[in-house]
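S.K.: Since chain A is already given, all that's left is putting chain B on it; use the hints.
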Amino acid sequence: MATLPRLNIPLHVKYIQSLGENKDDLVYHLTAHLRMNAIYWGLTALCVMDHKDALNRDEMIEFVMSCWDEEAGGFGAHPDHDPHILPTLSAIQILTIQGARDRINVPKVTNFILSLQQPSGVFAGDVFGEIDTRFLFCAVLALSLLGQLDQLDVEKTVSYIRRCRNFDGGFGAVIGAESHAAQVFVCVGALAVLDRLDEIDQERLAFWLAERQLPNGGLNGRPEKLEDVCYSFWVLSALSILKKVSWIDADKLIEFIISAEDPEGGGIADRPGDQPDVFHTQFGVAGLSILGYPGLLDLDPVYCMPASVIESLGLRKDWEALPRRVA
Amino acid sequence: MHGVQRVRYSREVLEARKQREQAKLKEYLALTEEVLAKKKSGELNREAFDLTTRVLRLNPEFYTVWNYRRNILLHGIFPSSSPSEINDLLSDDLSMTIAFLKQHPKVYWIWNHRRWCLENVPDCPTDGDPHAWRQANWNKELFVVEKMLDADARNFLAWNYRRYVLASMTLPRSEESELAYTTRKIEANFSNFSAWHQRSKVLTSLWESGNLDPVKSREQEFDLVKNAMYTDPADQSVWIYHAWLIGRGDDAGLLRREIDAIQELLDEQPDSKWCMESLVRYKRLLLQNHTSILEEKERSELREECLRLLSQLKEYDPQRRRRYDELEESVRNT
Chain A
1 MATLPRLNIP
11 LHVKYIQSLG
21 ENKDDLVYHL
31 TAHLRMNAIY
41 WGLTALCVMD
51 HKDALNRDEM
61 IEFVMSCWDE
71 EAGGFGAHPD
81 HDPHILPTLS
91 AIQILTIQGA
101 RDRINVPKVT
111 NFILSLQQPS
121 GVFAGDVFGE
131 IDTRFLFCAV
141 LALSLLGQLD
151 QLDVEKTVSY
161 IRRCRNFDGG
171 FGAVIGAESH
181 AAQVFVCVGA
191 LAVLDRLDEI
201 DQERLAFWLA
211 ERQLPNGGLN
221 GRPEKLEDVC
231 YSFWVLSALS
241 ILKKVSWIDA
251 DKLIEFIISA
261 EDPEGGGIAD
271 RPGDQPDVFH
281 TQFGVAGLSI
291 LGYPGLLDLD
301 PVYCMPASVI
311 ESLGLRKDWE
321 ALPRRVA
Chain B
1 MHGVQRVRYS
11 REVLEARKQR
21 EQAKLKEYLA
31 LTEEVLAKKK
41 SGELNREAFD
51 LTTRVLRLNP
61 EFYTVWNYRR
71 NILLHGIFPS
81 SSPSEINDLL
91 SDDLSMTIAF
101 LKQHPKVYWI
111 WNHRRWCLEN
121 VPDCPTDGDP
131 HAWRQANWNK
141 ELFVVEKMLD
151 ADARNFLAWN
161 YRRYVLASMT
171 LPRSEESELA
181 YTTRKIEANF
191 SNFSAWHQRS
201 KVLTSLWESG
211 NLDPVKSREQ
221 EFDLVKNAMY
231 TDPADQSVWI
241 YHAWLIGRGD
251 DAGLLRREID
261 AIQELLDEQP
271 DSKWCMESLV
281 RYKRLLLQNH
291 TSILEEKERS
301 ELREECLRLL
311 SQLKEYDPQR
321 RRRYDELEES
331 VRNT
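Taken in sequence, the protein lines are chains A and B. Okay, so the first sequence: first residue is 1 according to UniProt numbering, each after it adds one. Okay, so the second sequence: first residue is 1 according to UniProt numbering, each after it adds one.
In isolation and in its complexed conformation, chain A is listed as follows (with noise of 0.2 Å):
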């Protein structure tokens, strides 16, 4: 086997870690709707490469029960902005990994989440009524990992996932859409979460998950597009569950995520020479993570949280990733 090339694992933690200190950039605001998901994304990619403590733990807990909404018993993704489900999710997703569930209310924000699914089965993303099948994954996985699926009605939940499947094998982000690599994702995901993977039409969609590879090792998300760093995860974690990864050529796809890493300033962007960003950051460094990638720790695909966390809660599903390879 070719020697891999390096991923700069030290200049990447550097530059999750430098992502607080912009305050004075205006990018640094424009995305304050972003904030929680962010950091989310920091955490998990520092724990894969395990550095989870390079950032602030407790300041980071602090910051997540600041955005808390009590009232309707949701997570903002900022503090005084609305709660919807993905930030709710990604706060759950951080609490978790930062052993600080006890800080949760439970039984409120499992109220919230409930009271957003509609009577289609779809969930919406807040109480101005927005549907997608990535909120529905959302509720799924926020129930999940409370402890709180025996409140779901999971037969509604998987008849809409069931209306969202396409003759090619993929899911969109509603009924009628077109299959997407990320809808592929949620949908895949949320199926293995509720064990109802007999939904899927494996082989086809398994085939149209390789068919995402191009020539130079990145993915695409759909047919005839270029590829981005992001969906190294999206398709890989539909792969793992499937237990296909082994589909594409790794060593393609490993040489496309690390060429997209700035060799300067570190973080990974969506394609090489492009500014890096700690979304496709964290999404290559959990690409290379199912890939076998050796030196980083293992994330669940599923969950896109790290493999021992979710293992500790009793919740790992029947994927498999790439053996870690030995450096």
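To be clear, the hints were calculated from the coordinates, so they are not data collected in a lab. Just so you know, these numbers come straight off a predicted model, no measurement behind them. Treat the hints loosely; a few may be bogus.
[What the hints assert, rightly or not] List time: in silico PhoX-like cross-link candidates among lysine-lysine, alpha-carbon distance up to 20 Å:
id : chain 1 : residue 1 : chain 2 : residue 2
1  : A       : Lys252    : B       : Lys314
2  : B       : Lys147    : B       : Lys185
3  : B       : Lys18     : A       : Lys23
M.R.: Same frame as chain A, now just chain B:
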């Protein structure tokens, strides 16, 4: 940061830029603080409404401010407005968000706000038809989404929105005209899988409702797709659509006919991966679904051909070698 190139600037250039940015930053932070303070104190007046416009112009992803704007309209402004004024306010928001979408075609919150506006258009009190305002808006909306798809024919948010508009129109457009729209999109670019996908949905509905003869129409689809295959045999959109037309492979005659047609193309384009892949798929379907009508000789020939194609595929497409190994295994065990 999708598609933003990394550029290395000197420390001086960065410092100068930061200085220039400071004024903008200060303005943005002040506006943010003001809008969130008003929201907290429950202000639902025109001044607060105008403030949300200013903030959203600078940052259309600030979902909390979109929510606040809607709450101001719903609980502060609409109760004291006539239906015609409400319709005007919503029309203004629809115009404003067109400008936003041109700059940010993939921001969910903008698309989402348009839906909310359209769903809140009131009954028209003067005209004989209470749906008149709504229908005018839906028609305009279809035009807007067509413009968006002209700019990026694969924007999946725009396609999802298009389906939503078509399903919501008070006077529904015929599915035949939607079929014609997908024909135009496909003819403009065979690689547009979003249009092929939409076509599969529209046809399914037309076939199920009996508005289109499935047998005749399917044959026309095979002609269209064949044309596309010959134009670019490496384009996977076309092959995925072809597999949809074949379906579960219940029709042995159809499978045989398409196998022959693809074989002909492969003879012309001997390194076409998608020809080989599709041949393996359809030959396996023949073996799996029609084994009782096949003679032993034909069965073993089909297996041999699959194995030969799979070993070629491993050579032409080594990235997915492991998949071909597994398919070989499965053909051997058929």
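S.K.: If a hint holds in the structure, say so; if it does not, say that too.
M.R.: Hint check results:
no.: 1; hint: A:Lys252 to B:Lys314; verdict: holds, 16 Å
no.: 2; hint: B:Lys147 to B:Lys185; verdict: holds, 12 Å
no.: 3; hint: B:Lys18 to A:Lys23; verdict: holds, 12 Å
In terms of the numbered hints stated before, the structure departs from none.
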